[in-house]
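Trainee: The lines below spell out each chain.
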Amino acid sequence: MKDYGFLYRLVERARERSAFLFHFNAGACNGCDIELISCLTPRYDVEQYGIKLEGSPRHADVFVVSGPVTRATRAPLEAVYKQLPDPKVVVAIGSCPATGNVFWGSPMIEGPLDQIIPVDIYVPGCPPRPMAIVEGIAAAIHKLASRHSAASGEQV
Amino acid sequence: MNLAQAVAALLIFPGLLYAVPMGWLMLGTERKLRARFQGRIGPPLTQPFYDVVKLIAKWPLPRAAGERALLALFPLLSIGAMIGAAALLPVFRGESGFAGDIILLVGLLEIPPVCMVLAGYASRSIYGEVGANREAALDISCNIPFFTALIAMAASANSLRTTTIAFATPWQVRLLAVLAILICLPVKLRLNPFSISNAEQEVLAGPLVEADGRLLALWELCEALEWVVLIGFVVTIGIPGRSGEWWIDAILFGACSLGLVLLLTLVASATARLKLRQATRLLWRCSFVLAAISLCAAFLFRGN
Chain H
38 MKDYGFLYRL VERARERSAF LFHFNAGACN GCDIELISCL TPRYDVEQYG IKLEGSPRHA
98 DVFVVSGPVT RATRAPLEAV YKQLPDPKVV VAIGSCPATG NVFWGSPMIE GPLDQIIPVD
158 IYVPGCPPRP MAIVEGIAAA IHKLASRHSA ASGEQV
Chain V
21 MNLAQAVAAL LIFPGLLYAV PMGWLMLGTE RKLRARFQGR IGPPLTQPFY DVVKLIAKWP
81 LPRAAGERAL LALFPLLSIG AMIGAAALLP VFRGESGFAG DIILLVGLLE IPPVCMVLAG
141 YASRSIYGEV GANREAALDI SCNIPFFTAL IAMAASANSL RTTTIAFATP WQVRLLAVLA
201 ILICLPVKLR LNPFSISNAE QEVLAGPLVE ADGRLLALWE LCEALEWVVL IGFVVTIGIP
261 GRSGEWWIDA ILFGACSLGL VLLLTLVASA TARLKLRQAT RLLWRCSFVL AAISLCAAFL
321 FRGN
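Top line first, the protein sequences correspond to chains H and V.
According to our numbering, the first sequence is numbered sequentially starting from 38.
According to our numbering, the second sequence is numbered sequentially starting from 21.
No wet-lab data here; the hints were simulated from the structure.
Bear in mind that the values here come from a model prediction, so they are computed numbers and not experimental data.
The beta carbon of each residue, even a glycine, is placed where N, CA and C say it ideally should be.
Treat each hint with caution, since some may be false.
[Stated by the list, open to error] Once the Cα atoms are required to be at most 30 Å apart in a straight line, the calculated DSBU-like pairs of lysine-lysine come out as:
hint	chain 1	residue 1	chain 2	residue 2
1	V	K295	H	K180
2	V	K52	V	K295
3	H	K180	H	K119
4	H	K89	V	K52
5	H	K89	V	K295
[Stated by the list, open to error] Negatives, chain H to chain V, calculated, CB over 10 Å:
hint	residue
6	V48
7	P79
8	G92
9	A112
10	T136
11	F140
12	M145
13	G162
So that you can see chain H by itself, here it is in the shape it has in the complex (with noise of 0.2 Å):
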């Protein structure tokens, strides 16, 4: 990776040290919701790598989804993920945003996800247990952190 000089890599660190998530649920059955929540739990402790549970999208710089997207949560998705300042990382937790899970082919289905918004991370499972939430948020977090420049930001 190209050193740009002290500044970048304060804020490298910076970012790989403290991160706010913003989670989402968008049809989800609350047993992906739960293991996110165990990770807050004195077992896990996500806090010791600075990561914090954010009420408002305004301050977040992970989204996180869980869910299939339904009908109904396929317009305050896209709505919410344009209110998360860049730049900004998308980890999918649990099997229904990456592939539908039981639902798929179902008329009120909208996903998988990454037809709606990019999506950086996945992590599977249903539901996955907290250790892998906190894997693939920590790898949600590398990716985030050397995002420099809007073009590099960019998300495919």
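With chain H fixed as given, assemble chain V onto it according to the hints.
Mentor: Only chain V this time, still in chain H's reference frame:
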């Protein structure tokens, strides 16, 4: 207070150069201790610093220039007021201040809550407005005991100089007044039993719901300074004596402030969030009663 002393107080101690790192240390200590009390490991003490750096490095949202200026004005005004208030704290014995500086100090302390209420309404989000509403109601109900306790101290010391109030208030008045102010402290810092206006999941983030990147960084800086100034204010008017050696006074001031952070964190992690009505009732039944008794005591022990 000559010009050089005033500039040093504003920029070095207890102003900018001391208050910003100390504020981050206080916020970091609070998060670390709360995590430890809950049986977690918790973030490192440098966490608030990294949070601010990361928030500054975020790209600004597209906004109209006037709106951006208005939203940035509120935190900048609060930060300026807090640095000015820090400079007025009577940390050393030699500082004489000027007549009426307690009124200026209290006025400056009131600027951040007012700015936060205005920012909440300026965000034009329903959550911001509810948060601003709660903040305004709480601020008014906690200021009544806060001001009553300060009036009691000023009346018994027979002065409006902060230094004289800090040194000359008799202990009978000081004990009750400082207790009343201590109950108001978590309200002013929006800490747990009174974290009503910035409740994360109820009203998203309250008045700061629309604050992105740099705006949120400014607000976090303002919060850090608020911690230093409000806790420093309670420490300086709560302790009657000064050693006279400037470095002992400075170290004692910092150490007592951190001790108070420990106490506040203990209360914050042991309690759950109250409703607005319960919080107002608690303030009136505990804090205001103490402040009123200290006001009565002030007239009994006046001129001792």
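Trainee: Each hint: holds or not?
Mentor: Hint-by-hint comparison with the structure:
1. Taking the CA atoms of V/K295 and H/K180, the gap is near 41 Å; set against the 30 Å cutoff, the hint is violated.
2. Under the criterion of a C-alpha separation no larger than 30 Å, the hint pairing V/K52 with V/K295 is consistent with the structure, at around 26 Å.
3. Our distance criterion of 30 Å between C-alpha atoms is met by H/K180 and H/K119, whose separation comes to about 19 Å.
4. Between H/K89 and V/K52 the alpha-carbon distance is near 13 Å, which keeps this suggested pair within the 30 Å criterion.
5. Note on H/K89 and V/K295: the hinted pairing holds, with a Cα-Cα distance of about 24 Å set against a maximum of 30 Å.
6. Chain V draws H/V48 into its interface by the beta-carbon criterion, the shortest separation being 4 Å against a cut-off of 10 Å.
7. With a least CB separation of 4 Å from chain V, H/P79 falls inside the 10 Å interface cut-off, contrary to its annotation.
8. Listed as outside the interface, H/G92 is inconsistent with that label: its C-beta sits roughly 4 Å from the nearest C-beta of chain V, within the 10 Å cut-off.
9. Annotated as non-interface, H/A112 keeps its C-beta farther than 10 Å from every C-beta of chain V; the closest such distance is 18 Å.
10. Listed as outside the interface, H/T136 is consistent with that label: its C-beta sits roughly 30 Å from the nearest C-beta of chain V, beyond the 10 Å cut-off.
11. For H/F140, the non-interface assignment is confirmed: its Cβ lies about 27 Å from the closest Cβ of chain V, beyond the 10 Å cut-off.
12. Consistency note on H/M145: stated as away from chain V, and its beta-carbon is indeed over 10 Å from all of that chain's, at 28 Å minimum.
13. Non-interface status of H/G162 relative to chain V is upheld: no Cβ of that chain comes within 10 Å, the nearest being about 24 Å off.
Comparing the model with each earlier hint shows violations of hints 1, 6, 7 and 8; every other hint is respected.
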